[in-house]
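Novice: Spelled out, the chains give:
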Amino acid sequence: MSTEIEAQGVAPGVNLQTHGKRRSYLVGLGYAVVLTLASFWASSTDVIYPPGVPILLGVLAIAQMGIHLVFFLHISSAPDQTNNILALAFGVFVVGLLVFGSMIIMAHLNHNMMPMDKLIQMQR
Amino acid sequence: MSAAEQALATGDAVPLSLKGPAPKRVVAGYGFWLFLLSDIVIFAALFAAYAVLSGETAGGPTAADLFDKRHVLIETACLLASSVTCGFGSLAVQSGDRTSTYFWMMITFILGVTFLSLEVSEFGHMLMIGAGPSRSAFLSAFFTLVGTHGLHVTLGLCWLIVMLLQVTTLGFQPMVGRRFFCFGLFWHALDIVWIGVFTIVYLGAHL
Chain A
1 MSTEIEAQGV APGVNLQTHG KRRSYLVGLG YAVVLTLASF WASSTDVIYP PGVPILLGVL
61 AIAQMGIHLV FFLHISSAPD QTNNILALAF GVFVVGLLVF GSMIIMAHLN HNMMPMDKLI
121 QMQR
Chain B
125 MSAAEQALAT GDAVPLSLKG PAPKRVVAGY GFWLFLLSDI VIFAALFAAY AVLSGETAGG
185 PTAADLFDKR HVLIETACLL ASSVTCGFGS LAVQSGDRTS TYFWMMITFI LGVTFLSLEV
245 SEFGHMLMIG AGPSRSAFLS AFFTLVGTHG LHVTLGLCWL IVMLLQVTTL GFQPMVGRRF
305 FCFGLFWHAL DIVWIGVFTI VYLGAHL
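Sequence order for the protein chains is A and B. Residue numbering for the first sequence follows this note's numbering, beginning at 1 and increasing consecutively. Residue numbering for the second sequence follows this note's numbering, beginning at 125 and increasing consecutively.
To be clear, the hints were calculated from the coordinates, so they are not data collected in a lab. Treat the hints with caution; some may be incorrect.
As the list claims (entries may be wrong) - Which chain A residues face chain B? A few, computed with CB under 10 Å, are given here: (1) A32; (2) S43; (3) I62; (4) A87.
Glycine is no exception: its CB is placed at the ideal position from the N, C-alpha and C atoms.
Given the sequences, and given the hints that come with them, work out the whole structure.
Specialist: Structure follows, in structure tokens:
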């Protein structure tokens, strides 16, 4: 049965190993706790050069999302997971377009907008 | 004997196109995975709105005035722990163990309710001090983003109750297993969205 499933691809979250499943969740929990505490620490410490903190927070968040995908959702690069990975890649692509596209466009509009007092002057 | 029949007879060399549809569990899981990704796209739109509007406070309270980091750390801990207990519960469902299914899923439920009550109390406090969604564009974006996540958690908790009732009435039938499996995916995905929320909304507020 298990070989049959392997041959046809598996759904996300399906872990075919019978041993070490519980361990996978505990290892994931360990990583996630460390990364979460690191984020909270990084946002309130003075040790780190302040302009670098947002980048560090971004890296920690993306790392933790990866940990959750691998250890909780059991997404991997195994050949039988190609469909899941492709769907995920497309999802990440759309998310990136939406978030960064919106931010760039809005910052650009904001930059090119006439200051409000000038606008009022022109209307007189 | 055609090439296809020959391939089927020898067994291991069967091409993918001749194997027929994938098992129902794989199809259901993949379909739900696609739904989750589209759900994450909705959250991405709300994140984009928040990122654009987070500075537009219209003279009202700013993010740094409103958010308490310790409160958020407790919320995060609840959601992370519930993700792990949900994983243990899914393993119990797979092995057909009724007692530990109830045990782990009830813990998941309690942690989810704790998270939700912390969030509701935070929202209530903000409404009391006049920082409701109508105060500024920043607060509208905040309540939409975090509220949508909270709504997902609420629906997840309702789903969990229905699943526990189905284990009681229907037992561990294949369809109950598939539904529980999809619930697990949903719950883990909500935790992934929460990582974005606490990083961008709550930790980003204090930079």
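Novice: Of the numbered hints stated earlier in the document, which are not met by this structure?
Specialist: Violated: none.
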